[in-house]
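Construct all of the structure, not just a fragment, from the sequences and the given hints.
Each chain is listed here by its residues.
2 protein chains.
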Amino acid sequence: MALGLTLKALADPTRRDIIKLLKEKDMTAGEIADCFTISKPSISHHLSILKQAGLIIDERQGQNIYYSLNTSVMEELIRWLMNVTRKEGGSADERNPD
Amino acid sequence: MALGLTLKALADPTRRDIIKLLKEKDMTAGEIADCFTISKPSISHHLSILKQAGLIIDERQGQNIYYSLNTSVMEELIRWLMNVTRKEGGSADERNPD
DNA sequence: TGGATATTTAGATAGTTATCTAACTATCTA
DNA sequence: TAGATAGTTAGATAACTATCTAAATATCCA
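Line by line, the protein sequences give chains A and B. Note that my numbering has the first sequence beginning at 1, numbered continuously upward. Note that my numbering has the second sequence beginning at 1, numbered continuously upward.
Derived from the structure by calculation, the hints contain no laboratory data. Not one of these hints is a red herring.
Same chains, same names: a pair is fine if it fits in one copy or spans any two.
Derived DSS-like pairs (lysine-lysine); straight-line CA-CA distance at most 27 Å: (1) K25 with K87; (2) K87 with K51; (3) K8 with K40; (4) K51 with K25.
A quick note: this is a predicted structure, and the numbers were derived from the prediction, not measured.
This is how it looks when you write it as structure tokens:
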């Protein structure tokens, strides 16, 4: 069911924008919030969903909480998509990872 | 914004199951519905969302409507994910496809 | 310890979505 | 053309989600 969490998290445009920001560099919750017009609590909510999906990692440093990207979950999604996309053939290992 | 439609469509477990079915072979709406416990209209609704996202294609053959997978949209999503996942470097073409 | 800053949690609300039953449309066939 | 079969559309409803403001928690520093 991890795939469902990942896809739901990525299905929101604000959350995709957050991910694009974090691709460039790690950022605090406040820095991320400053890039958007919606409220800090809303951003916090989005961060929580991304974190729950395993797409980002948080680490407190003093008063700040730094967020960074965790690409392994996206790599898993890529594998699922490639499997669905693939036209038959390939080793047994490659088949039905889901 | 096509990406949003794709991800929303894939975020539902029933719709992912439909995609897995269609990976194996093309099927009519009825055949697809028979694989699930939810009502035909609900399946029809899911098919409509998948179609709107460009993930599947429909073609009427007499009384039946056959559905088949369209992988190009998923390939686009794979590219987006690989771009977000990638650790810098690469040609200008490869950067920011979104 | 007390005030300031950073962030999250709580509670409310408006909009979206998945599901159902009933009714409709399209096609085939006798 | 009438009946049967395949599928969709309409309308209702319950559950979920994104957003907001207000309040709570955590950390730093003087």
